[in-house]
Amino acid sequence: DGGITQSPKYLFRKEGQNVTLSCEQNLNHDAMYWYRQDPGQGLRLIYYSQIVNDFQKGDIAEGYSVSREKKESFPLTVTSAQKNPTAFYLCASSIDLWFPGFGNQPQHFGDGTRLSIL
Amino acid sequence: KNQVEQSPQSLIILEGKNCTLQCNYTVSPFSNLRWYKQDTGRGPVSLTIMTFSENTKSNGRYTATLDADTKQSSLHITASQLSDSASYICVVSPGSSNTGKLIFGQGTTLQVKP
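As you go down the protein sequences, you meet chains A and B in turn. Mapped onto my numbering, the consecutive letters of the first sequence carry residue numbers 1 to 118. Mapped onto my numbering, the consecutive letters of the second sequence carry residue numbers 119 to 232.
Mixed in with the good hints, there may be bad ones.
Computed footprint of chain B on chain A, listed as stretches where at least three residues anywhere in the stretch have a Cβ under 8 Å from a Cβ of chain B [stated by the list, open to error]: (1) 37 to 49; (2) 107 to 117.
Looking from chain A toward chain B, a few residues come up when the C-beta cut is under 10 Å (computed) [to be verified]: (3) PHE12; (4) GLY16; (5) GLU62; (6) PHE88.
Far from chain A, some chain B residues (derived; all Cβ distances over 12 Å) [as the list claims (entries may be wrong)]: (7) GLN124; (8) GLN127; (9) GLY134; (10) ASN136; (11) CYS137; (12) GLY161; (13) ILE167; (14) SER176; (15) ALA186; (16) LYS189; (17) SER192; (18) SER205; (19) LYS219.
It is worth saying that the hints were derived from the structure and are not from the lab. Think of the CB as a built atom: it goes at the ideal place given N, C-alpha and C, for glycine as much as any other residue.
Between the sequences and the hints, there should be enough to build the whole structure, so can you do that?
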């Protein structure tokens with residue numbers, strides 16, 4: 001079955017440590033996204049990528065970094081500069097970034113990684 | 119400011135009963151509105167997507183309605199089941215955006231009791 005795989009499901013970060021969250025998709029989607037979900041809040045966009053080797057900052061990119069070396073993979077690194085990293089992180093993909101005619105395509109989500117501080 | 123507000127924040131109903139969740143948005147211009155279901159500890163799953171020209175769309179026991187004039191949407195769940203217990207998220211796509219950026223509501227948590 002096609003889908004998005006996020007790993008690990010749970011992750012713990014020590015003070016001053018960088019951690020990397022994995023996201024792999026086999027849907028042949030061009031666009032990929034990273035969101036952060038906090039209790040009682042809507043999802044917030046961290047980074048997104050339309051094609052390989054290209055990515056853009058979302059609304060809350062500070063303290064995070066990404067790469068897009070392969071179409072299937074979009075890993076997210078939570079750096080030590082992110083002072084409040086505890087959250088549920090969701091990766092998503094869509095056929096393409098929105099443009100007229102494809103606006104009805106949903107974003108498909110992975111099952112998330114829960115990051116906590118040790 | 120583009121915002122999506124959902125109500126109620128949480129809801130408890132008995133199995134077999136119907137319920138309606140509300141979504142008000144201030145996004146303008148507007149492209150489409152989506153409803154997602156998110157089970158605890160899982161990623162959201164798309165239920166419906168409606169463009170500004172659509173008034174209603176169904177997916178099994180889920181029916182979404184849209185009034186683009188009043189900027190309101192609702193999600194009606196018929197004959198609820200225990201498996202409907204989840205968070206339901208309303209998401210709006212701005213019409214001026216060509217980046218796939220979406221605006222998410224905070225969600226309504228539904229609990230269906232036997």
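Against the structure, the hints:
{"no.": "1", "hint": "37 to 49", "verdict": "holds (count 7)"}
{"no.": "2", "hint": "107 to 117", "verdict": "holds (count 7)"}
{"no.": "3", "hint": "PHE12", "verdict": "violated (17 Å)"}
{"no.": "4", "hint": "GLY16", "verdict": "violated (28 Å)"}
{"no.": "5", "hint": "GLU62", "verdict": "violated (17 Å)"}
{"no.": "6", "hint": "PHE88", "verdict": "holds (8 Å)"}
{"no.": "7", "hint": "GLN124", "verdict": "violated (9 Å)"}
{"no.": "8", "hint": "GLN127", "verdict": "violated (8 Å)"}
{"no.": "9", "hint": "GLY134", "verdict": "holds (29 Å)"}
{"no.": "10", "hint": "ASN136", "verdict": "holds (25 Å)"}
{"no.": "11", "hint": "CYS137", "verdict": "holds (20 Å)"}
{"no.": "12", "hint": "GLY161", "verdict": "violated (3 Å)"}
{"no.": "13", "hint": "ILE167", "verdict": "violated (5 Å)"}
{"no.": "14", "hint": "SER176", "verdict": "holds (15 Å)"}
{"no.": "15", "hint": "ALA186", "verdict": "holds (14 Å)"}
{"no.": "16", "hint": "LYS189", "verdict": "holds (17 Å)"}
{"no.": "17", "hint": "SER192", "verdict": "holds (18 Å)"}
{"no.": "18", "hint": "SER205", "verdict": "violated (10 Å)"}
{"no.": "19", "hint": "LYS219", "verdict": "violated (6 Å)"}
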